[in-house]
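> Same order as they appear, the protein sequences are chains A and B.
The numbers in the UniProt record's numbering rise by one with no breaks, and the one at position 198 of the first sequence is 198.
The numbers in the UniProt record's numbering rise by one with no breaks, and the one at position 68 of the second sequence is 68.
These are calculated hints, taken from the structure and not from any lab test.
A portion of the hints provided could be inaccurate.
Rough simulated footprint, nothing fancy, chain B against chain A, three-plus residues with beta-carbon under 8 angstroms [claimed, not checked]:
1. 33–43
2. 58–69
3. 73–86
4. 239–248
5. 316–323
6. 332–340
Quick list of the computed label-pair ranges, beta carbon to beta carbon [to be verified]:
7. B:Gly296 - A:Pro220: 25 to 33 angstroms
8. B:Asp125 - A:Glu171: 47 to 55 angstroms
9. A:Glu171 - B:Ala321: 43 to 51 angstroms
10. B:Gly302 - A:His303: 51 to 59 angstroms
11. B:Asp218 - A:Arg295: 26 to 34 angstroms
12. B:Leu257 - A:Leu347: 42 to 50 angstroms
As the structure is a prediction and not an experimental result, all values here were calculated from the model.
Backbone N, C-alpha and C define an ideal beta-carbon position, used for all residues, glycine too.
Protein chains: 2
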Amino acid sequence: MSRKPLIIDCHGHYTTAPQALADWRDRQIAGIQDPAQRPSPSDLRIGDDDLRESIEKNQLRLMRERGSDLTIFSPRASFMAHHIGDFQVSSTWAAICNELCHRVATLFPDEFVMAAMLPQSPGVDPATCIPELEKCVEEYGAVGINLNPDPSGGHWTAPPLSDRSWYPIYEKMVEYDIPAMIHVSTSCNACFHTTGAHYLNADTTAFMQCLTSDLFKDFPTLRFVIPHGGGAAPYHWGRFRGLAQALNKPLLDEHLLNNVFFDTCVYHQPGIDLLTRVIPVKNVLFASEMIGAVRGIDPETGHHFDDTKRYIEAAATLSDADRFQIYEGNARRVYPRLDAALKAKGL
Amino acid sequence: MSRKPLIIDCHGHYTTAPQALADWRDRQIAGIQDPAQRPSPSDLRIGDDDLRESIEKNQLRLMRERGSDLTIFSPRASFMAHHIGDFQVSSTWAAICNELCHRVATLFPDEFVMAAMLPQSPGVDPATCIPELEKCVEEYGAVGINLNPDPSGGHWTAPPLSDRSWYPIYEKMVEYDIPAMIHVSTSCNACFHTTGAHYLNADTTAFMQCLTSDLFKDFPTLRFVIPHGGGAAPYHWGRFRGLAQALNKPLLDEHLLNNVFFDTCVYHQPGIDLLTRVIPVKNVLFASEMIGAVRGIDPETGHHFDDTKRYIEAAATLSDADRFQIYEGNARRVYPRLDAALKAKGL
Numbered sequence: 001m002s003r004k005p006l007i008i009d010c011h012g013h014y015t016t017a018p019q020a021l022a023d024w025r026d027r028q029i030a031g032i033q034d035p036a037q038r039p040s041p042s043d044l045r046i047g048d049d050d051l052r053e054s055i056e057k058n059q060l061r062l063m064r065e066r067g068s069d070l071t072i073f074s075p076r077a078s079f080m081a082h083h084i085g086d087f088q089v090s091s092t093w094a095a096i097c098n099e100l101c102h103r104v105a106t107l108f109p110d111e112f113v114m115a116a117m118l119p120q121s122p123g124v125d126p127a128t129c130i131p132e133l134e135k136c137v138e139e140y141g142a143v144g145i146n147l148n149p150d151p152s153g154g155h156w157t158a159p160p161l162s163d164r165s166w167y168p169i170y171e172k173m174v175e176y177d178i179p180a181m182i183h184v185s186t187s188c189n190a191c192f193h194t195t196g197a198h199y200l201n202a203d204t205t206a207f208m209q210c211l212t213s214d215l216f217k218d219f220p221t222l223r224f225v226i227p228h229g230g231g232a233a234p235y236h237w238g239r240f241r242g243l244a245q246a247l248n249k250p251l252l253d254e255h256l257l258n259n260v261f262f263d264t265c266v267y268h269q270p271g272i273d274l275l276t277r278v279i280p281v282k283n284v285l286f287a288s289e290m291i292g293a294v295r296g297i298d299p300e301t302g303h304h305f306d307d308t309k310r311y312i313e314a315a316a317t318l319s320d321a322d323r324f325q326i327y328e329g330n331a332r333r334v335y336p337r338l339d340a341a342l343k344a345k346g347l
Numbered sequence: 001m002s003r004k005p006l007i008i009d010c011h012g013h014y015t016t017a018p019q020a021l022a023d024w025r026d027r028q029i030a031g032i033q034d035p036a037q038r039p040s041p042s043d044l045r046i047g048d049d050d051l052r053e054s055i056e057k058n059q060l061r062l063m064r065e066r067g068s069d070l071t072i073f074s075p076r077a078s079f080m081a082h083h084i085g086d087f088q089v090s091s092t093w094a095a096i097c098n099e100l101c102h103r104v105a106t107l108f109p110d111e112f113v114m115a116a117m118l119p120q121s122p123g124v125d126p127a128t129c130i131p132e133l134e135k136c137v138e139e140y141g142a143v144g145i146n147l148n149p150d151p152s153g154g155h156w157t158a159p160p161l162s163d164r165s166w167y168p169i170y171e172k173m174v175e176y177d178i179p180a181m182i183h184v185s186t187s188c189n190a191c192f193h194t195t196g197a198h199y200l201n202a203d204t205t206a207f208m209q210c211l212t213s214d215l216f217k218d219f220p221t222l223r224f225v226i227p228h229g230g231g232a233a234p235y236h237w238g239r240f241r242g243l244a245q246a247l248n249k250p251l252l253d254e255h256l257l258n259n260v261f262f263d264t265c266v267y268h269q270p271g272i273d274l275l276t277r278v279i280p281v282k283n284v285l286f287a288s289e290m291i292g293a294v295r296g297i298d299p300e301t302g303h304h305f306d307d308t309k310r311y312i313e314a315a316a317t318l319s320d321a322d323r324f325q326i327y328e329g330n331a332r333r334v335y336p337r338l339d340a341a342l343k344a345k346g347l
């Protein structure tokens with residue numbers, strides 16, 4: 001531990017993909033109503049130079065500026081939009097998005113490793129996602145997946161994550177020893193702003209679904225990363241401890257904290273201070289979701305809101321050993337396939 | 001300010017009403033399908049002694065133990081259940097629940113003042129709530145209302161709070177100079193645990209609905225109290241500042257903080273420390289929601305989770321003048337009818 005930690009950002013999305021991707025998606029959506037317009041996956045042509053440029057000018061530039069080393073990189077969350085079309089639409093779209101992330105990770109093997117989106121679709125059995133998941137892990141080297149607890153996009157028509165319909169996904173996760181980040185997509189409910197309400201609500205909702213259930217008794221090695229600092233959970237940790245007690249659940253340490261982890265996508269110092277004060281260090285994973293929901297510069301600090309490494313550095317309660325865990329150790333433990341890939345490189 | 005503050009708890013519900021109330025409600029619900037079973041409001045008989053006992057043994061006992069003086073007291077939030085039945089069902093139920101709170105406030109005039117629930121019903125014009133609102137303010141002395149942003153109970157089928165359909169309520173609030181606590185009721189969506197997810201999500205959602213809109217340009221004196229410490233908002237204050245900036249809104253101080261207030265129903269010290277560090281003191285109102293969502297004793301402290309006064313007392317960044325505002329000053333400013341009632345008593 002005397003060496004400097006690798007700074008692993010466990011929450012990056014390909015938000016800067018070339019415009020051709022969005023154009024193809026627009027044609028795909030138009031093709032739902034009008035099959036004559038439906039594009040073929042092979043109609044999408046994005047060259048390696050375009051991919052390189054989209055990364056080098058954006059994520060990689062900021063990683064270098066901010067001093068992070070490696071990003072777990074998945075398709076753009078708000079573009080997953082599982083509510084659009086049927087399973088076939090989602091399946092084609094997920095395959096395209098995952099392949100692009102795989103190509104980025106291949107072009108930048110030291111800086112990016114991929115996590116997969118799933119071809120979820122409202123009302124469709126989650127087990128239908130298994131083939132894409134298998135391909136991404138076995139062929140693309142995905143070290144984790146993003147699991148959407150609300151494929152309807154803000155109508156919350158799917159059953160809770162403790163429902164047995166999700167179990168085929170969990171069985172495959174356990175087999176591969178990969179975690180899921182629980183991450184919704186765009187809200188198509190006018191009540192919920194996507195990044196200001198729906199994302200955070202989903203985090204809190206997923207956490208509470210875990211709390212009220214005994215999911216991790218059925219899957220003792222299943223691991224969920226709750227993004228955006230766990231939504232409201234750490235801020236209301238006393239409430240959740242009290243609710244668990246009222247529901248005759250074990251203490252949260254035992255009930256959830258072998259399986260549930262929180263990222264550090266909390267965009268101001270007091271929030272990170274609370275997170276690192278309340279949640280055990282072993283459950284906190286460094287992340288920024290950079291070039292994501294909040295891209296501006298904080299006028300109060302002069303730095304980007306999503307430059308979360310600054311907050312971790314400044315968090316007064318953390319020791320260097322704590323920071324090592326948050327930056328590297330926890331990610332290697334929660335994402336064993338990442339750990340194996342790093343070890344294979346002598347890291 | 002040299003005197004001790006009045007300790008005003010702005011968030012109390014009548015969670016301990018005599019069993020006869022729930023029994024009557026069960027009959028009312030049965031009567032939706034079978035009109036022959038439908039009870040008359042006059043079938044509900046609860047004597048003053050029963051009311052006194054339900055309060056003295058519960059809220060009043062705890063207020064004395066914990067040292068709070070006065071509670072703004074409204075019908076039980078989870079029992080509002082606006083999703084049940086039609087407007088007529090909600091109307092009858094709201095009238096009964098409000099009358100009981102009025103009677104409690106009449107029996108204990110020094111310790112309780114009422115806030116009203118509204119007879120909201122999914123898909124029904126909010127303007128239909130005005131007569132009940134008027135009665136509660138003019139005849140019952142209500143100093144505020146509870147406004148449910150999701151009468152569907154977790155399906156979020158109503159438009160956002162910035163929609164013009166809500167404006168008749170706001171016009172009446174401005175006329176009476178009363179605030180609304182934005183408070184949902186029971187979730188009937190299996191995804192959302194009522195007190196662990198739906199309540200907090202609604203707080204975050206309502207806050208973001210205010211942020212994305214220009215509601216307070218139309219109603220510069222309209223005031224919302226966001227309960228449960230503002231859901232996820234203070235913890236993610238940097239995110240919200242950044243989103244406001246990206247949306248070309250003014251700074252949150254100017255855009256929202258003349259109109260939006262947060263209560264202190266956050267059930268552990270680190271949460272209250274964050275709330276009071278991030279949110280200006282003028283926007284924080286003391287509250288406990290006692291005998292509510294979390295009724296147990298925190299094994300880490302030996303005190304009730306919802307004994308929030310202890311956290312306010314221990315919050316290191318607060319001065320005595322700050323505590324005076326949080327306990328009394330802000331409530332008198334946000335609830336001018338409460339202030340007038342106190343002044344009429346020489347307080």
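> Among all the numbered hints in the text so far, which are the ones the structure does not match?
Per hint list: 1, 2, 3, 5, 6, 9 and 10 violated.
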